[in-house]
Amino acid sequence: QKEVEQDPGPLSVPEGAIVSLNCTYSNSAFQYFMWYRQYSRKGPELLMYTYSSGNKEDGRFTAQVDKSSKYISLFIRDSQPSDSATYLCAMSAGNTPLVFGKGTRLSVIA
Amino acid sequence: AAGVIQSPRHLIKEKRETATLKCYPIPRHDTVYWYQQGPGQDPQFLISFYEKMQSDKGSIPDRFSAQQFSDYHSELNMSSLELGDSALYFCASSPPWTSGGAYGANVLTFGAGSRLTVL
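These protein sequence lines map, in sequence, to chains L and F.
All residue numbers in the first sequence are consecutive under the working numbering, ending with 110.
All residue numbers in the second sequence are consecutive under the working numbering, ending with 229.
Since the hints were derived computationally from the structure, they do not count as laboratory data.
Warning: the hint list may mix true and false statements.
Unchecked claim - Looking from chain L toward chain F, a few residues come up when the C-beta cut is under 10 Å (computed): (1) R41; (2) Y51; (3) K102.
Remember, predicted model here, so these are calculated numbers, not experimental data.
Just so it is clear, CB atoms sit at the ideal spot from N, CA and C, and this is done for glycine as well.
Isolated chain L (complex conformation):
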């Protein structure tokens, strides 16, 4: 079993839909949780970053962490075609390298 599990999709939604992306993990030492967005042939760019459990909102994006369930989510409201990309969850225990999920490929159809 991989340390971080993420449904690779692909996920296709109409413009304006609410998108929910999720990851589960097995390492209870993980404390830092991130979502990266990766456009085709580009490097991952940091989208959301949370520490420990809780919610964080930034514009149309909301990240949730439930450490008791070892489950993290990213919600995208009012999705736009420009949100079409691969979304990678990543996490770290702190002094350890980031461990990535496989990424979920999202397509938002206009």
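Given the coordinates of chain L, work out where chain F should sit on it, guided by the hints.
Using the frame of chain L, we list chain F on its own:
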């Protein structure tokens, strides 16, 4: 703002050849990470350097080596290339703990990647 610079962006090599990838981190970032991303795969951690010393080692093959230089740039050297080495190689850098604490030190900024094709 300055980003992580990687070169070359594209590289084509034959089997058993060698290749060197370079990474220039964001100024004042002291930690550099190398990741390998195969087609349709998640980035796999290879190796990292902190203050010019190797800090963590992941799934880096013995045929690969890397180092960080006094100006904090890093090079990934790959020898005896195999077809399976064809991938995107990303470098990322992160700021020192002194500037952002543990929270900031875990923020990795990635470069645009170097695409290696082995024929």
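Going through the hints against the structure:
1. For the restraint placing L:R41 at the interface with chain F, the shortest Cβ-Cβ distance is roughly 8 Å, inside the 10 Å limit, so the hint holds.
2. With a cut of 10 Å, the hint placing L:Y51 at the interface with chain F holds, because the nearest CB-to-CB distance is about 6 Å.
3. The restraint placing L:K102 at the interface with chain F holds, with a minimum CB-CB distance near 5 Å, inside the 10 Å limit.
Hint compliance for this structure: no hint is broken.
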